Amino acid sequence: MAVMMTIDGKKIEAEAGMTILEAAAANDIRIPTLCYLKERDPQASCRLCVVEVEGARTFQPSCATTVREGMVVRTDTEELRRNRKLTLELIMAHHPVDCHHCMRIGSSKEEDLDPMFCEMCFWCDCVRDGICELQKLNREYHVDRLPFELEGYRYPADSSLHSVIRDPNKCIKCRRCIDICNNVQTVHNLALKARGQEYRVTASMDQPMAYSPCVRCGRCVDVCPTGAVYMEEHIDEMLFCVHSYDTKTVGMVSSSLLGEMENLCGMPEGSLSVQKIVSAMHKLGVDYVISEEQAINASRKEAEAILEGADAPVVISNSFAVKNFVKSRFADLADRVRYYSSVQESFAKEVGKLADRLHLPDESVKTVVFTANNENGAQAREENTVDFSMNAREIYRIFLRTGVDLCRTVATDALKQDPDPKLVYGDVTGPVVFDHSADPEVRRLNGKLIAVAHNLGQSAKLLEEIRAGNSPYDVIRLNG
Amino acid sequence: MSVQETRIALRNAGRINPESIDDYINAGGFEALARAKQTERDRLIEDVENASKLRGRGGAGFNTGFKWSGARSSEGKEKYIVCNCDEGEPGTFKDRYIIENDPFTVIEGILIAAYAVEASDAIIYVRGEYEKPIGLLRGAIAQAEERGLTGNVNLRVYAGAGSYVCGEETALLSSIEGGRAEPRLKPPFPTDKGAFGKPTVVNNVETFSNVPMIVLNGTDWFSNIGNPDYPGTKIFSVSGDVKKAGCYELATDATLADVILELAGGATDGHTIKAIQLGGSSCGYIRGNDIDISVAFDSLRKAGKSLGSGAVLVLDETRDMVLQIQQILHFFAHESCGKCTPCREGLYQACKRIDRFVEGTASRDDLDMLLALSDLMASDCFCPLGQGALTAFSSAFELFPEDFEQRMVK
Chain G
0 MAVMMTIDGK
10 KIEAEAGMTI
20 LEAAAANDIR
30 IPTLCYLKER
40 DPQASCRLCV
50 VEVEGARTFQ
60 PSCATTVREG
70 MVVRTDTEEL
80 RRNRKLTLEL
90 IMAHHPVDCH
100 HCMRIGSSKE
110 EDLDPMFCEM
120 CFWCDCVRDG
130 ICELQKLNRE
140 YHVDRLPFEL
150 EGYRYPADSS
160 LHSVIRDPNK
170 CIKCRRCIDI
180 CNNVQTVHNL
190 ALKARGQEYR
200 VTASMDQPMA
210 YSPCVRCGRC
220 VDVCPTGAVY
230 MEEHIDEMLF
240 CVHSYDTKTV
250 GMVSSSLLGE
260 MENLCGMPEG
270 SLSVQKIVSA
280 MHKLGVDYVI
290 SEEQAINASR
300 KEAEAILEGA
310 DAPVVISNSF
320 AVKNFVKSRF
330 ADLADRVRYY
340 SSVQESFAKE
350 VGKLADRLHL
360 PDESVKTVVF
370 TANNENGAQA
380 REENTVDFSM
390 NAREIYRIFL
400 RTGVDLCRTV
410 ATDALKQDPD
420 PKLVYGDVTG
430 PVVFDHSADP
440 EVRRLNGKLI
450 AVAHNLGQSA
460 KLLEEIRAGN
470 SPYDVIRLNG
Chain H
0 MSVQETRIAL
10 RNAGRINPES
20 IDDYINAGGF
30 EALARAKQTE
40 RDRLIEDVEN
50 ASKLRGRGGA
60 GFNTGFKWSG
70 ARSSEGKEKY
80 IVCNCDEGEP
90 GTFKDRYIIE
100 NDPFTVIEGI
110 LIAAYAVEAS
120 DAIIYVRGEY
130 EKPIGLLRGA
140 IAQAEERGLT
150 GNVNLRVYAG
160 AGSYVCGEET
170 ALLSSIEGGR
180 AEPRLKPPFP
190 TDKGAFGKPT
200 VVNNVETFSN
210 VPMIVLNGTD
220 WFSNIGNPDY
230 PGTKIFSVSG
240 DVKKAGCYEL
250 ATDATLADVI
260 LELAGGATDG
270 HTIKAIQLGG
280 SSCGYIRGND
290 IDISVAFDSL
300 RKAGKSLGSG
310 AVLVLDETRD
320 MVLQIQQILH
330 FFAHESCGKC
340 TPCREGLYQA
350 CKRIDRFVEG
360 TASRDDLDML
370 LALSDLMASD
380 CFCPLGQGAL
390 TAFSSAFELF
400 PEDFEQRMVK
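Each protein sequence line maps, in turn, to chains G and H. Sequential numbering of the first sequence, starting at 0, is according to numbering that gives the first Met the number 0. Sequential numbering of the second sequence, starting at 0, is according to numbering that gives the first Met the number 0.
If you are wondering where the hints come from, they were derived from the structure by calculation, not from laboratory data. Just so it is clear, the structure is predicted and the values come from calculations on it, not from any experiment. From the three backbone atoms N, C-alpha and C, an ideal C-beta is built for every residue, glycine too. Watch out, some of these pointers could steer you wrong.
Facing chain G, a subset of chain H residues (Cβ under 7 Å, in silico) [to be verified]:
{"#": "1", "residue": "G337"}
{"#": "2", "residue": "C339"}
{"#": "3", "residue": "S378"}
{"#": "4", "residue": "D379"}
If we strip away everything but chain H, and leave its shape as in the complex, we get:
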């Protein structure tokens, strides 16, 4: 096999017992935290922000250090670090994989961030269905506290109640506060007024698990890995019609073909790849024969695609896009918080229209309405859930119009 994984976040996966802090420490764990604490805070943030250029791995690709410096410069004694492990994007399971293999690296990353911004509290928001990761994290925190590694930081796990929109950082914060899981207006941004109105850094699990290695090996080492604008690695959650589904961590200068053909083994025997949905249900499709593209964040964005959370859903030629879209739209209609009109009502009507395609009773009107709703929602919705809810549809229709047309009444 020519393509190799580059493991940073998953460096300890399979090598340590995820329930044993000793294993992690023997593998060099918490050295980064000790080193970070010897570094001046501003310098540490400067390193993460400008030298390493670490960008958020949750889907938005926002500069991590920028959030840190924002929260650091905000007024107030109480500050929060929040680790987003809601992982609600269908087809994404990298955060679970990280935590189930090495919960300590996440905790170490969080503690480094907490040191950097002088946070008093850190909360790991884990989706409620992730019972095993929740248990592992709680165990890991208890062990870290026993060793006195958490210092003054009050670190705890918050189990979500199951809502896709909680992946959106402000909705997540509302959920932590005990309110409805609904996105808030920005500004104020979380770095000014986040959890309980206090300055808050919200980063993804994968982002935090990169932090210890950056501190330990230096920013030059990190920024030389992968694509210079989105340096480091990205974990891809590969699922669907491939031989070896699973999580693969690659340097960001890899191509999608490396992930799917080399690491995941390509399509199952006797089948060809029809399409790949990259980034999760809120992202568009890529044709099966166009997979020789770089997975770097910005080059994908320029091509009108998105890396998103790194979910790679592979569909073979037996898959009907209409059924895919039906499933996605019903998922989003179920997950819509209901706050804004286009999302609440638009998704309801979109579901009715796509159901007609599935029944084979759709007309041109139904198609036009879906297209109109997708325009409306992409530009008018309150939060990214609504804005991206019909992206999959418009992309599927653009790439595979025949799937839709053959189900329309002639």
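Isolated chain G, as found in the complex:
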């Protein structure tokens, strides 16, 4: 059913049940948001997307207010802008100043800050500098002279895992990480503690992350709008290796990066290719780049071998997060899940073959993987599968620091040593894209009923069916 309404003087038609935010977006009216995460239930807690709705006593959060027939909405009045700015200033009073206030030029005024200089400087060194949702809004609303005392550092950062790091000082309490951890991944690690000023996100039972039920899927890192949850960075160590003459570096680029890299670099959708990143990798000094298909194929061949001989239902996975998740939540089913090499592990094996062929001594070879999947970073850290596993944000920052411009790189093919093998199970065994939905994907292939989980919540559902003895599937692929 359609609803007629007015936003900023523009008469528009919206679908009943839509929120004001969605209706505005569909009509190219931008409302600033911070805690809002697409596809998830709105939290309406940051209060930046508030709009004026005629007849309402207070401003309404556009992310959570549904449209009504004849509704009149204003999204950009002077009062709204003033309120949004003050809200941002309130957040910044309790946010470390390391990107907001430039230590080098001694100013946080936008007109003093040269974005080009910022991108080259790295003095401030927040992992999110330049790609932070909060920073972007601060620039938009000219938050430069804070009317409050700065009290940015109040809590120690938790780097106990050395992969997923939480810095509560930079948390803006959007709860995206909590929503993902509890409601999508069903890991139930991240939680809220205390109230008022003491209110903050903690790992389960307020323990350090290393002692928490965290499975290192890294999905919280993907959704954090600021630098409050991030993967440990190894930019300096990686650059040191690629720049050492006596070290040979072998890399791999995952195509899962493309969307986020385009986004970060401000490139149009579809304009970036793996080959361009491969070429950028060479520019950094990486000596050899092995094609991702090569590693994926190796990993899929392993999976096919498992599937061939096993009785139904056979549960397969090559995810590090799934392994941790099953260990802690489904210990009784640990033997039921058959693990095969993750793409990263297969890559490491391929590197071994390459090193043999080129007669490179093992100790002189370092491996680098560029991937969007944060669990790889944790796996590299804990199982030493590769030397460096870097996510899109880290790569973006490396490119900025070293002056690599993806728009100007020429595509280069990666090394591919073997032809594509014949595979029976299609892409059931290949990389799986994470999503937020509650139910696993079910398909029929070669007369077999196959379920593919796209997140840990779906994986848990499938495992619970197995535990209850009523799993209807022949093949189950778990993924985190």
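The hints should help you fit chain H onto chain G, whose structure is shown.
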């Protein structure tokens, strides 16, 4: 004394032993429940909603019967009645007074509501500090169950853990469910999805204790008492610098002067009344010489004031508004659940600013920031806690700017 109390909710106060159901029954108790059960449900709700126009006594003044009919028409077999006895608003102690004197009338009111909406469960949410009322209610429920008065309704008491925001109905429901005491988005309203996702009626203790008398004496009787738009009585919790602090139940056509001067005896000897905070800490002030105003809900709202929970805090001329506001802001900063930015961060900064007034180091900037924060929070906060947190400040500054100015650096 010319002004008299009109006691409906407190009709049995002092007359019965609050631990004895026999006393209550001898005083005509549970007759209303029996009569209600002979009435058709829709008719009963219609009576409460449109004929009696009973409005919520907790502070929002929402039509009680409207909530009942909403929950009645919602789908589902399991439905909840929740009695809000969080009574977190500072200066309010009427619910405690009702329960400590007559817990049975509350239970009877709840059972009538449960019959009307066909509720399976009823929960009385009592703030944890109210140990005596909790004990009395549990005893009263046990006695009512023994007599078979509760029927199929699973009636129980839930002790809160101490949070102001639980007075807000959706936060209260989250607390009952075992979650964080945080307000939820509305819609869905509790009458559609309340406790445990089931249709739920949330009413205040005082509201429920009015219900038996409405059923017993008829809607005409009730709607003729007090102000026609907010009929019945209201219990005022009078505290502060008055001779006789306490709970007073008056018809809603009374004036504030009736409450303060006549019943509470006016200011203590040798003092004059400077200001009255009506409705609790989240409400504004009224000047001491402006108390000849009606206490009816809507006329107060039109005058920019609010009846709120009926708390009447009387301040004499020795009171400094800055210290009052400091206390209130620190209270709210402590009670903020932290969910929304303006409330969590705004109250923290507001406390710092008001502290400077108390120290005597405040500047114009501090005053401007407090005013800016009060604008921001009134319009942007998620729930009424944040929206009302700085109301007292802006009202105090409007009425008594000299208190603030004399503490500023010249």
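Results for each hint:
no. : hint : result
1   : G337 : holds, 3 Å
2   : C339 : holds, 5 Å
3   : S378 : holds, 5 Å
4   : D379 : holds, 5 Å
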